[in-house]
Amino acid sequence: MALLSVEGLRTHFATGAGTVRAVDGVSFAIERGEVLGLVGESGCGKSVTSLSIMRLVPPPGQIVAGRIRLEGEDLLDKDAEAMRRVRGARIAMVFQEPMTSLNPVFTVGDQITAAVLAHEGGRRRAAWDRAVEMLDQVQVPSPGERARDYPHQLSGGLRQRAMIALALAPGPQLLIADEPTTALDVTIQAQILDLLRRLQAERGMAVLLITHDLGVVAELCHRVAIIYAGRIVEMAPVARIFEEPLHPYTRGLLRCLPHPSRFGQPLSSIEGAPPDLRGADAGCPFAPRCPLAIESCRRHEPALAERRPGHFVACPVAVV
Amino acid sequence: MAPLVEVQGLEKRFSVGGAWLRGRRRVIHAVDGVSFAIEPGEVLGLVGESGCGKTTTGRLILRLIEPSAGRIRFEGHDLMALSPPRLWATRQRMQIVFQDPFASLNPRMRVGSIIAEPLAIYERAGATERRRQVSELLDVVGLDPAFAERYPHELSGGQRQRIGIAAALALRPSLIVADEPVSALDVSVQAQVLNLLMDLRRRFGLTYLFISHDLHVVLHMSDRVAVMYLGEIVEIGPRDALYRAPKHPYTQVLLSAAPVADPTLRRERIVPKGEVASPLAVPSGCRFHPRCPLVFERCRVERPLLRQVGAGHEAACHLNDARP
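The listed protein sequences derive, respectively, from chains A and B.
According to my numbering, the first sequence is numbered sequentially starting from 1.
According to my numbering, the second sequence is numbered sequentially starting from 1001.
Simulated from the structure, these hints should not be mistaken for laboratory data.
Each residue gets a CB set at the ideal place from its N, CA and C atoms; glycine is no exception.
Some hints could be false.
Some chain B residues close to chain A (C-beta under 8 angstroms, calculated; not the full set) [claimed, not checked]: (1) V1016; (2) E1049; (3) Q1190; (4) N1195; (5) A1257; (6) V1260; (7) A1261; (8) P1272; (9) E1275.
The following residues of chain B were derived to be distant from chain A, with all beta-carbon distances above 12 angstroms [to be verified]: (10) P1003; (11) F1014; (12) G1033; (13) C1052; (14) R1059; (15) I1072; (16) P1107; (17) T1128; (18) S1135; (19) A1146; (20) D1223; (21) R1239; (22) D1240; (23) D1262; (24) G1285; (25) F1296.
What follows is a list of derived Cβ distance ranges for each label pair [claimed, not checked]: (26) A/A14 <-> B/P1238: 49 to 59 angstroms; (27) A/E81 <-> B/V1027: 49 to 59 angstroms; (28) B/R1086 <-> A/P58: 49 to 59 angstroms; (29) A/G264 <-> B/N1106: 26 to 36 angstroms; (30) B/A1146 <-> A/A118: 50 to 60 angstroms; (31) A/A239 <-> B/A1245: 28 to 38 angstroms.
With the rest of the complex left out, here is chain B (with noise of 0.2 angstroms):
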């Protein structure tokens, strides 16, 4: 079967300064040659620290933010080749949920109004037909319909994400973006909202491209889970290799890193040196180099590509070269 996403060599340059008093332009790289695929049903992980370009690269994919270079096919369509209305069409596809359930909903707008938008946009159906759809919409996602006559204020933060939620599913989308979906959300609340999307994902038969600074919420979600870092991917494999296996020190420092809240579990910890370098000055060779426990000569010059380490799993660092 055809990869419902596919992206090649995905780039994203932003330049910054040049204005007044801010001295000469520079360029940031803020996704730089990125690659997957996602199949159909699927669901990608996506976790890196704040600044590793794993938000721009789920904007890039709807085409939110136009890339630099690369090539995205969603669908079978080269998306970067579509006209304008072509893409206007095919973006009731892919649908996006955002971290930040309070900044994302329109506040003057009723909670039924939010949710039919998108079907009021696209003219996929009329008034009475849009009212029946919202009822449905907000049962799927666990609500009475009665909050359809709600304003975003009166509501807690949990029921804003399954608002967002509900409106990204109101078109009928094959692939949601799900942007730090929980991080703005309580741990009793975070786990309502993840059961939540993993039973969309059975019942409507989603794909998903989850993104999130927490490597367990992560790992949690996903089938395969892509670790990014200054915008490149280092690693990408199936869950559970990438988790008893990490193939990459940045991998392996993150998941020691992470707290888990169970003393039982307590491992050897490896805190990386330093923190992550700007991106205005990426570091030669290995970008995780200056921070990596196991740096050797070879990383300060040459830049390490994906390659396989096992079945469907990829790490880019030379260490792994030197396995058999």
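Isolated chain A, as found in the complex (with noise of 0.2 angstroms):
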């Protein structure tokens, strides 16, 4: 059994404006110790689906459909003191921003004591002592001092590692890492994604990455999932979708990027923008831009089938 499957997940916000269906029919599973990266465009529906996941989704977002089983438990079933027991104990996440995570007016050392406190529970001397092994663990020099800094005292990497540190402490089976280094220098980037690797593999743990960065991506996911319009349009094990991608949307973005082989060349860019999410059409949510549309994709919204052993793709077209 998959640690985490969802399946089939419609999140969608009713606004002034019509129903935002940010997300619109997502499935994936990600196994035990197992790297999953979800990688898509601002808007894609990427942070919404690991909103739902912890179903922390704001108002007036709500999940609509679908299902979302942890160890074969449906958290959708479960009750808000149930859901309270999942997040920080079975499922934790991390963010861009540290100070989204970080209390400004205690101490590192305290949050990461509370966090182990409400897990665990305890006395209160050892759950410090298990705080500073935390930042010792994350490669925040001098735990036992910095433990006693604010927030604000950190630098952004060091923060962003004290956060890393807080989410751990309690031992989650999967930590959702959202765009963690998107806002750090990339030297310090580096380091932070040296340090997720070198967790991950330690604690056997998995991690499911939201990220807009290919690059990253390459770093350190085993299997990667590419969302678009709130759908996943391909997923595959990381080495495939650099060396075969196969949806047109995929092919695309990675055109886009500058390439050592290309310095200086035009880039290929996709033409237009994402759809806009309020309309109901049918049909492929890429066909408007991409350049292989034929008739019928305008008319058939593309299952996600298994075109290669663990390769999935949606798009009838794609030649494999």
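Assembly of the complex is requested from the two constituent chains, each provided in isolation within its own frame, with the hints serving as guidance.
Take a look at the structure:
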């Protein structure tokens, strides 16, 4: 059984200007110890997918259909109290901006201690020692002293580490990392990616990495799902996505990036813009921008089909 | 041919603190002795991490911020010596494109007025002629002339950045300082805007100072690249030489740390130690030495100067002295 399976998830936002179908039929699974990347551009539904898993979708957003199973238990059936016990303890989350998770008026040591006490109980003294040990594990220098610092006293990189320590203190089975390195400088990003890779391997923890950056995906993920307009359009092991992308959107995305073999040459770009998610049009959401679109693409929404072992594509036109 | 822009010993000091409850005043050397030249029609890339002084350098060149020291020559004029009216006239030839197309466009103005504003300020054309030029500029940046009637909030990020570029082009400048012009955009839109900037350069013979934190974008766009660290240029050279044979450990670190969307290019990663030092406590000797994987004794005491390491290629690292 997969650690987490998401089946037919639909999360919609009822706004004055119509219903925004932010996530519109997303299905995927994460195995124990696996790192799955969920990749897409702004507004594609990747963050709403992760908030849906945590049942933290802000109003007016609502999960209108689907199943989210953690070790077989449906999270959508749980009451608020049961869900509270899942968050943090079994599924933890880290964000792009560490101050989203860190409380500015408590020291980082106190916050991690509180997380340890909430999930494991025990004595405060022992929990504080665990907090310092967690800071050490995420390679915060002089962890005993830094534990007594307030978040604003730490640099951006150290704050990110403190947030990771806070998330991992209860020993979650799944870490959802939403753009964890996007706000960081490239040298600090490299350090945090190395840290995440090491912690993931040591703990055998599963990670759902939400990112717009295909470079970060290449560094960290085992498998990748490409999401467009609220739907997964391609899902495959990481090497296959880069070596043999099948969906025209994935191919377009990869060709958009500057590459050492093509410096100075015109980049290929995907013309147009993503669709308005309020539309309830039939057909493939990428069809209006797709160089391969044929008449039927505009009428029938393609299903995600396994075109090669482990390689799923929602495009009947893609040449395998 | 004389360079279009020539900068020598450029410095900018900001003093911080000294206010109520803030302790004593201290000085930040945001830009500390930067020199370079840009030939007409050339793209010079300026890359570095937050706080390295790249944005300040761009603004100093336009004298949007007053330099603390140094010389700037533009089209043969000494910008520092120009009287305010002459500086005002010269500024038509040097324009800037900002990072955030959401913050840099006036939300109360229609797109047409935003693009026409420089023409109106410099009294380049009457109202009818301005309207014609706005349509032409919209066409040049790949937008329908009907966009002139819209407001910025009605546009996507990529469309807004095109408007910012159109406004920068209105006065037919020779130099454009592009400060992180694609950092706020999604990759598919980023590619469109980068292609547009390349097209415009060819079409109008533009010269760019292209500033970005993204090394691959800078390498893609530039003929030559300057790498900045804590207010200094640590390496400058032709794009291919800098990419294939970087001579400063910081450039090597940047190249190896930037994630590449190609697992076959996975290379030995050099991850630097620690974080960038505070510009309030600049390290002695080489500023990169506390993080440098190749640091040795001399680096802690002696500040390395830029010296030639190849054709048109300079780096500021003591290790290059040991090499023949």
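Here's how the hints hold up against the structure:
| no. | hint | verdict |
| --- | --- | --- |
| 1 | V1016 | 17 angstroms, violated |
| 2 | E1049 | 4 angstroms, holds |
| 3 | Q1190 | 7 angstroms, holds |
| 4 | N1195 | 5 angstroms, holds |
| 5 | A1257 | 4 angstroms, holds |
| 6 | V1260 | 6 angstroms, holds |
| 7 | A1261 | 4 angstroms, holds |
| 8 | P1272 | 5 angstroms, holds |
| 9 | E1275 | 5 angstroms, holds |
| 10 | P1003 | 21 angstroms, holds |
| 11 | F1014 | 20 angstroms, holds |
| 12 | G1033 | 23 angstroms, holds |
| 13 | C1052 | 9 angstroms, violated |
| 14 | R1059 | 20 angstroms, holds |
| 15 | I1072 | 28 angstroms, holds |
| 16 | P1107 | 20 angstroms, holds |
| 17 | T1128 | 33 angstroms, holds |
| 18 | S1135 | 22 angstroms, holds |
| 19 | A1146 | 16 angstroms, holds |
| 20 | D1223 | 8 angstroms, violated |
| 21 | R1239 | 7 angstroms, violated |
| 22 | D1240 | 8 angstroms, violated |
| 23 | D1262 | 6 angstroms, violated |
| 24 | G1285 | 20 angstroms, holds |
| 25 | F1296 | 20 angstroms, holds |
| 26 | A/A14 <-> B/P1238: 49 to 59 angstroms | 56 angstroms, holds |
| 27 | A/E81 <-> B/V1027: 49 to 59 angstroms | 56 angstroms, holds |
| 28 | B/R1086 <-> A/P58: 49 to 59 angstroms | 55 angstroms, holds |
| 29 | A/G264 <-> B/N1106: 26 to 36 angstroms | 35 angstroms, holds |
| 30 | B/A1146 <-> A/A118: 50 to 60 angstroms | 57 angstroms, holds |
| 31 | A/A239 <-> B/A1245: 28 to 38 angstroms | 29 angstroms, holds |
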